[in-house]
Amino acid sequence: MTSTKHIEMRGVRKTYPFFTLDDLSLDLEPGQIMGFVGANGAGKSTTIRLAMGFIAPDAGEIRVLGRAIPEAQAAAKRDTGFVSSEMRLLPHTTIGWHMQFIASIYPEWDAPYAETLVKRFNLRPAQGTSGLSQGEQIKALLLLALARRPRLLILDEPTNGLDPVARHEVMSEFMDVLRDDNRSILFSSHNTVDVERISDRITFIDRGRLVDSSDKEDFLERWRRIHVQLPANTALPELPGIVSRVIDGQFVTLTTNTFSEALLALLGNTVRNVQRMSLEEIFVANVIRHREVRGQ
Amino acid sequence: MNIVMRKLIAKEFHVNRWIVAGATVGGVLSVLICALGKIGFSVGSLMWMTTIIANGVMLAIYGVMNERKERSMLFVLSLPLSIADYVRAKMLALALCFFIPWLAATVAAVALVLAMPDIPNGLVPYAVLLSVYMLANYLVLLCWTLHVNSEAWISAAIVLTNMCVSIYMFVVGAQPGLQDHIWGPVPVWNQTAWTILAVELCVIALAFTLPFVLAARRRDFV
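Those sequence lines, one after another, are chains R and W. Here the numbering used here is used: the first sequence runs in plain steps of one and ends on residue 382. Here the numbering used here is used: the second sequence runs in plain steps of one and ends on residue 1451.
Bear in mind the hints are in silico, worked out from the structure with no lab data behind them. Beta carbons: idealized from backbone N, C-alpha and C, even for Gly. The reader is advised that the hints may include incorrect statements.
A short list of chain W residues far from chain R (calculated; beta carbon distances all over 10 Å) [said to hold, decoys possible]:
no. : residue
1   : Leu1325
2   : Ala1333
3   : Leu1435
Facing chain W, from chain R, some residues (calculated, C-beta under 7 Å) [unchecked claim]:
no. : residue
4   : Arg99
5   : Thr106
6   : Phe168
7   : Leu176
8   : Ile191
9   : Trp195
10  : Val256
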């Protein structure tokens, strides 16, 4: 694997006694914001820990910013910011101490931007870390990651456990960060609303397997829910790309992942309504279909 | 040693500053209490041992176990360093955090024995051996704590290493080569004392080196 991709995973496998992340291949291009969506226990955090070099794969290859992981993780992490909802600041210290600590390690530390973030997140540098709420911890960790201007941001469920106001503040900051075209972001979450808001590419993962990966717009364009009313004694014709059908007498609800005008033409005047699907609906339909295909 | 490792060592001193300062003051204070007559000697020597042991236990708990448990380890591991760098920095830093109060307590204890006419100078080898043993004991605990993830195994190691201090005092203190000279007027460094010291130093070298070989090569660290 030799590429300019910010994250590249090929055939990655990681086995635990009760969970296996299997044959995972993933690409994150420079400037891309990938929403990594999966239910709890789907393998999001395992994938991210593999990318950060905290754990080593049993098989497959991982490269982050062109560096082999976990072997060259120190070099890769120099330009990678990582924030996780499970992460905590060091005890018996203050936010200000952390800012100095990070500034002393990263020459790229942007002090004026850090000050802006302190104000924007309403943080107090003199405040001890032990008294911080979950929201303040996450905001402080984001500040420390963002103010060193990394080329790659890896965010593991950063909005988990935040109240709506804190979540809004954090998401707004992301929107600002996204204006930098050279920075790429891997953003894991089970909250599809957050992911839909900021991502330009979406990857679904379920039970340790990659389910689907595509551009956000592509997902939103391809997936539709079509409500059909069939005349009496008429069977539904054979249709391509139908992932589920729910029949209630004459009324049929079809879900497709390859929506086109041609499909509508096949259904003719039986079509009563065509609905766009939200990312959450697409995610759920995708996962259910994936489980059916795999017989799970 | 790269800059991140140096910063991590400094960070360890900062985070554990109260433990290090408290243990240093406690160790010296307990030696001063030893100078206050027979009861003072009993109370002070007990305090002296407790201070050194407690320092080690607290550093293992707060420096390694809690960092893992409270997930601030994820923050540290996100810095530009390898797992091996993390283990090296942790081992060096926590060894130093223990070493400073330990050295102060040991030097103070030896100085007290030599300075006080009521305390026989023959105690010096025993005090030094006991002190070096407690250093070895701590490094074994630290080595174990860095190697295992289980809180239960770490707690078991803490209990076991604590018990071993009493056993050591009983067994080593009963060695004829030492027992015969403890209450004597001059320190006697005979073959028994040197052998025990050599064994202790070997354990120290092994416990200090093992994490660099084993824990630093662990494939999964969280």
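How the hints compare with the structure:
{"no.": "1", "hint": "Leu1325", "verdict": "holds, 17 Å"}
{"no.": "2", "hint": "Ala1333", "verdict": "holds, 22 Å"}
{"no.": "3", "hint": "Leu1435", "verdict": "holds, 26 Å"}
{"no.": "4", "hint": "Arg99", "verdict": "violated, 13 Å"}
{"no.": "5", "hint": "Thr106", "verdict": "violated, 14 Å"}
{"no.": "6", "hint": "Phe168", "verdict": "holds, 4 Å"}
{"no.": "7", "hint": "Leu176", "verdict": "holds, 5 Å"}
{"no.": "8", "hint": "Ile191", "verdict": "holds, 6 Å"}
{"no.": "9", "hint": "Trp195", "verdict": "violated, 13 Å"}
{"no.": "10", "hint": "Val256", "verdict": "violated, 17 Å"}
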